[in-house]
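Participant: One-letter residues, chain by chain:
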Amino acid sequence: MSSLLTMAIILAVLLGGAYVFRFAGQKITNNAPMFRDMGYGVAFGYVLAAALLIWAVWYYLQPLETDAGMKNAGVQFFRWAVQGFIIAAIAAFLFRLFGQFVGTAGTRKLFRSMPLTASFGILVILLYAIVAIFAGAIAPYGQAEILGAANVTAGGDPALGGNPEYPLGTDQIGRDILSRLIYGAQNTVGIAFVTTCLAFFIGGSLGFLAATLQGWLDQLLSRSVDVLMAIPSLIFALLLMTIASVWAVELGVPLTIFMVLIIAVIDSTRVYRLARAVGLNIVVMDYIEAAKLRGEGLGYLVFKEILPNAMAPLLAEFGLRFCFVFLTIAALSFLGVGIQPPLADWGTMVRDLAPFINFAAFAPTAAVTPLLAAGAIALLTVAVNFVVDWMLHKSSGLKE
Amino acid sequence: MSNLLTIRGLKIEGRSDETWNPIINGVDLNLKKGEVLGLIGESGAGKSTIGLAAMGYTRDGVRISEGTVEFDGIDLVRASAAVKRGLLGKRIAYVAQSAAASFNPAHKLIDQHTEAPVQHGVDNRASSVEDGIELYRKLRLPNPDEIGFRYPHQVSGGQLQRAMTAMAMSCRPDLIIFDEPTTALDVTTQIEVLASIREIVEEFDTAAIYITHDLAVVAQMADTIKVLLRGDEVEEADTRTMLSSPKEDYTKSLWAVRAFERPAKPAVSTGAVPVVSVRNVTAAYGTTDVLHDVSFDMHAGRTVAVVGESGSGKSTTARCITGLLPPRIGEIAFDGEVLPADYRKRSKDQLRQAQMIYQMADTALNPRKTIGQIIGRPVQFYGGLTGSARRARVNELLEQIELEPSQYFNRLPSELSGGQKQRIGIARALAAEPKFIICDEVTSALDQLVAEGILRLLGELQDKLGLSYMFITHDLATVKAIADEVVVMKDGKVIEQGPKLDMFTPPHHAYTDLLLSSVPEMDPDWLTNLLQERGVDNIGDAAVDKM
Chain A
1 MSSLLTMAII
11 LAVLLGGAYV
21 FRFAGQKITN
31 NAPMFRDMGY
41 GVAFGYVLAA
51 ALLIWAVWYY
61 LQPLETDAGM
71 KNAGVQFFRW
81 AVQGFIIAAI
91 AAFLFRLFGQ
101 FVGTAGTRKL
111 FRSMPLTASF
121 GILVILLYAI
131 VAIFAGAIAP
141 YGQAEILGAA
151 NVTAGGDPAL
161 GGNPEYPLGT
171 DQIGRDILSR
181 LIYGAQNTVG
191 IAFVTTCLAF
201 FIGGSLGFLA
211 ATLQGWLDQL
221 LSRSVDVLMA
231 IPSLIFALLL
241 MTIASVWAVE
251 LGVPLTIFMV
261 LIIAVIDSTR
271 VYRLARAVGL
281 NIVVMDYIEA
291 AKLRGEGLGY
301 LVFKEILPNA
311 MAPLLAEFGL
321 RFCFVFLTIA
331 ALSFLGVGIQ
341 PPLADWGTMV
351 RDLAPFINFA
361 AFAPTAAVTP
371 LLAAGAIALL
381 TVAVNFVVDW
391 MLHKSSGLKE
Chain B
1001 MSNLLTIRGL
1011 KIEGRSDETW
1021 NPIINGVDLN
1031 LKKGEVLGLI
1041 GESGAGKSTI
1051 GLAAMGYTRD
1061 GVRISEGTVE
1071 FDGIDLVRAS
1081 AAVKRGLLGK
1091 RIAYVAQSAA
1101 ASFNPAHKLI
1111 DQHTEAPVQH
1121 GVDNRASSVE
1131 DGIELYRKLR
1141 LPNPDEIGFR
1151 YPHQVSGGQL
1161 QRAMTAMAMS
1171 CRPDLIIFDE
1181 PTTALDVTTQ
1191 IEVLASIREI
1201 VEEFDTAAIY
1211 ITHDLAVVAQ
1221 MADTIKVLLR
1231 GDEVEEADTR
1241 TMLSSPKEDY
1251 TKSLWAVRAF
1261 ERPAKPAVST
1271 GAVPVVSVRN
1281 VTAAYGTTDV
1291 LHDVSFDMHA
1301 GRTVAVVGES
1311 GSGKSTTARC
1321 ITGLLPPRIG
1331 EIAFDGEVLP
1341 ADYRKRSKDQ
1351 LRQAQMIYQM
1361 ADTALNPRKT
1371 IGQIIGRPVQ
1381 FYGGLTGSAR
1391 RARVNELLEQ
1401 IELEPSQYFN
1411 RLPSELSGGQ
1421 KQRIGIARAL
1431 AAEPKFIICD
1441 EVTSALDQLV
1451 AEGILRLLGE
1461 LQDKLGLSYM
1471 FITHDLATVK
1481 AIADEVVVMK
1491 DGKVIEQGPK
1501 LDMFTPPHHA
1511 YTDLLLSSVP
1521 EMDPDWLTNL
1531 LQERGVDNIG
1541 DAAVDKM
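Heads up: the protein sequence lines correspond to chains A and B, in order.
Residues in the first sequence are numbered from 1 upward in steps of one, following this note's numbering.
Residues in the second sequence are numbered from 1001 upward in steps of one, following this note's numbering.
Think of the hints as simulated: they come from the structure by calculation, not from any bench.
What you were told as hints is all true, and nothing was included just to trick you.
Computed cross-link-like contacts, DSS-like style, restricted to lysine-lysine with a CA-CA straight-line distance of at most 25 Å: (1) B:K1369 with A:K304; (2) B:K1348 with A:K304; (3) B:K1369 with A:K292; (4) B:K1369 with A:K394; (5) B:K1084 with A:K27; (6) A:K292 with B:K1345; (7) A:K292 with B:K1435; (8) B:K1345 with A:K304; (9) B:K1369 with A:K109; (10) B:K1348 with A:K292.
Chain B side only, calculated, beta carbon under 7 Å to chain A, not exhaustive: (11) A1081; (12) T1322; (13) Y1343; (14) K1348; (15) L1351; (16) Y1358.
Quick partial rundown of chain A residues pointing at chain B, CB under 10 Å, derived from the structure: (17) D37; (18) M285; (19) E305.
Every residue gets a Cβ at the ideal spot worked out from N, C-alpha and C, and that includes glycine.
Using the sequences and the hints given, assemble the complete structure.
Facilitator: Dropping the structure here:
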C-alpha cells in the first residue's frame, strides 16, 4: 500500500513540476513560442525525462554491496549497461570520424551526413562480419573442444571463480564460451544471412512477377502464399524440420541445408506479399507503360524498371526479416531441431546456459554467461535496424 | 478604409540540405475589405506560400523568418496557436486546389461543412445545415437540398470545388484564400466555378486572395493583380492597367505567350496515305463501350489535335493506337498497313515507329535512372548502339532538346525542372526515331512560358524530322498554337473534325461552340459579358447536360 502511495505522490510532484516548468519558462523567456505553444503533455515529458535522468545518475552511484554485505546485482547490471552504452557511443563517434577522413570522396561524404546510430550499426555489422569470417583465426579454442575446467565464471578473476585463460568462462562441460560465441557468429549469422537472401530472391522475384503479369499466375501464387501464411510459422517450421531430420539421414545431406530452405520458403511468403504490393504500385506508372510499349522483355521490366524503385521498402523489410530469420534459427536451435551440436550456435548457447540466470541476485558475473549469447543476438538485431533505417531515410529522400 | 490584411517585408525560408534557403524575399501586400487580389506567377514563385502565410501558417520545413502578417490588427506571425485557432476557419478560410483531395472521403459534405461553424460556436448544427443548403443553392449546385448528404466521391470535381467554396463561406469569413481552385477542372466546368465564386464573394463582400497561374482567369476574378517571380514581387497594379500596359519585361513575356502560333500548313494532297489512320474504332473497358466508331487520319509532318474534356475518350483513343487497349471493333493502320490490335503482337519496328510523350513527366521517367540511361535505353534497344556510339547518340538527342549533354547526362529526373523533364520525355521518344508521336497533354502540367518552349521545340522537331503528332489536349489555346487538323471528341464520339481554320471559324457544332466560348479571355469583362449573353444556366456543365 505504501508503495502505491509513494507512486501517487511522485506522479503528483511530476504533474505539478510540469506546470511550474512551463509557467516559469513562459515568464523567463518572455513568452517565446517554444514555451507559449507547449502542450501540457510535452511539459510533462520534459519534467519526466529530467526526473529519470536524475534517478539514473543516483542509481549509478549506489554502492555495489549493500550494508549487509549482499551483492547489489541491479546496480552492477545497470553500470554495465551504462558503460556499454557510453563505450558504444564513443566507438560509433570515433568510427564516423575515421570514416570522414579515410576512404574515397564518396564514402567520406557519406560519413559526414551519417547519424551516430547508423555509424554504430555499420561498426557492429563490420565487427560481426570480421569475427564470422575469421572465426578460426580469432577464437582461442575450438568450438567443440572440451577443456579442463567446467563452469568457470566470466571475468577471469580467480577470487570469483574465474580463470584468466577463459575470459568469458566455460560452460557446463568445459567448452570456452568466448570461442563458442565467435564460432556462433559464423554459424548463426552466416546461415541467417544466406537464408534471408534466399527468401528475398524467391519472394521478391515471384512477387514482382505476379505484379507485372497479374491474371491467373498472380491468383495461383497469391493463394498458395495465403495457404502457407495461414499456418503459424514457427510450428510449421518445427513440423517440417522434424520431417527433414529423417530425410537428412536418409539422403546424407546436412540438416542445416534443409533448415535454410525451410525457413527461406516460409519467410519468402512475407517478402512475396510486400514485393507484390509495392510492385503493383509501380507497374501502373507511365514509365513502365513506356517500357512495355518499347517491347521490353519481362526480365528487363522486373529487374531494371521495377526493382530499383522497390529497393527502399525491400531494404527495410530485409533488415526486419534478417532479424526474424535469425531469431527463428535461434528459436529452432533452442528447441533442439536447428543447428546441431557440437556446432556452436547462439540460440543453443542461451538454452544450455539458461540455468545460470538464477545466480543473478548474488553472483552477477556468473549470471552473465547466458546473457552474452542473447546480447550478441540483440546487438546485431539493433545494429542491422539502425543501418536499414538510415538507408531508408536516405533513399526515400525524406528531409529532416 | 483601413486594410483588412497587411503584409510587410515578409521573408520565408525553406529547409533543404541542412540549410535554410529563402523562398520569399520580402513581399508587401495590402488587402481591403471586399477586395480581390490576384497573385500570379509560375510554379516556384511562392504564390501558395504567401497565400498560406496570410493565414499565419507555413508548411512543414518552412518558416517565416522576418516580416509581419497583420490581419485586422493581429500579427499572425507572433500570435499564439490559441489565437490563430480562433481566427482560422472562422474569419480566414482557405480553398485548396484539389477539392477532391482536400475533403475527407469518410464524411458527408454537409458534416464537413458544419464542422467549422459548430466548432467555432458561430452556429448550431441544425441552422448550419440549413445555411449550407442555402449556400449550395446560391452556388447553383444541382439538387442543393440533397447534394450535401453525399460523400465526396459521389460528387463531380467541379461540384466539389463549389462545395468547398461553400464550406469556406460557412462562417462568413472576412478573407478567403483561393489556391488555384479551378486549375484541375475542364474549361466548361471552370467557367461555372468562376461565376459562382465571383458571385458569392461579391454578395458577402468578402476579401479574397486568388492564386492562379492563368492570366485570363485572374483577369475575371481580381480587382488588383500582383505578379511574382521566384519569391519577389515583379509588379502590382489594378487589373485593367496590368492587362493593357504591363511595365516589366517579365510580365510582358507572360502576356506574349498567348500570341504564339505556328503558321498553317498547306492542305494534304488527296490520295496521300496517312501515317496513322484510326478506322471505325469502338473500344470498351470491361463491357462498357467508351469509344464509339471513332475514325480519323493523321498525315506525315502534320499535327492533329484531339480536343475534348476529361472522359471524352481522347486518351483511350491513344491507348487503342498504341495497342494497350485492343479495340473491340475497328482497326489501326500504319502507313496503310493494318497493325495487330495488341501491342504484344506488334513487331519491334512497329513499336518503334509510334512513340508516346506523357502528361506527367514525373511518372513517365523512372526516378532511379539517370538521364543518360533513360534516353540511352531506346537507342540501344532499337538502334543496337552501345558504348561510345550510344553515348554520342544520346548527346546528340540532348542537344536536339536544347539541354547541355555534359551537364545533364548523369542527373536523375528529380534533379530537373518540370519543363526539363518533359524535354527528356521528348528525347526518349525521339531516340526511337519514330514517324509518329502521341503527345498526351504534354504541356498541361507546365507553366505557360515553359509550355510555350516545349511547343516551339516540338514544332521545330516536326519541321526538321517530318514527324506526325497526335496532340491530345483540353486546352484550346494550345490547339490554336500548333494544330493543323482538329478532332473534337465528346463521350467517346468524334463530334467534329477538320482543318484548324475551319474549326475556329463559325459555324460550329453546338458543343465546339460551347467549348470555344468557355475558354477565358484576357478581357476583364469577358465573364460578365458571357454571363449576360448566355445567361447563368447556359454555361458550363449545365449547358453540356442540355445537349
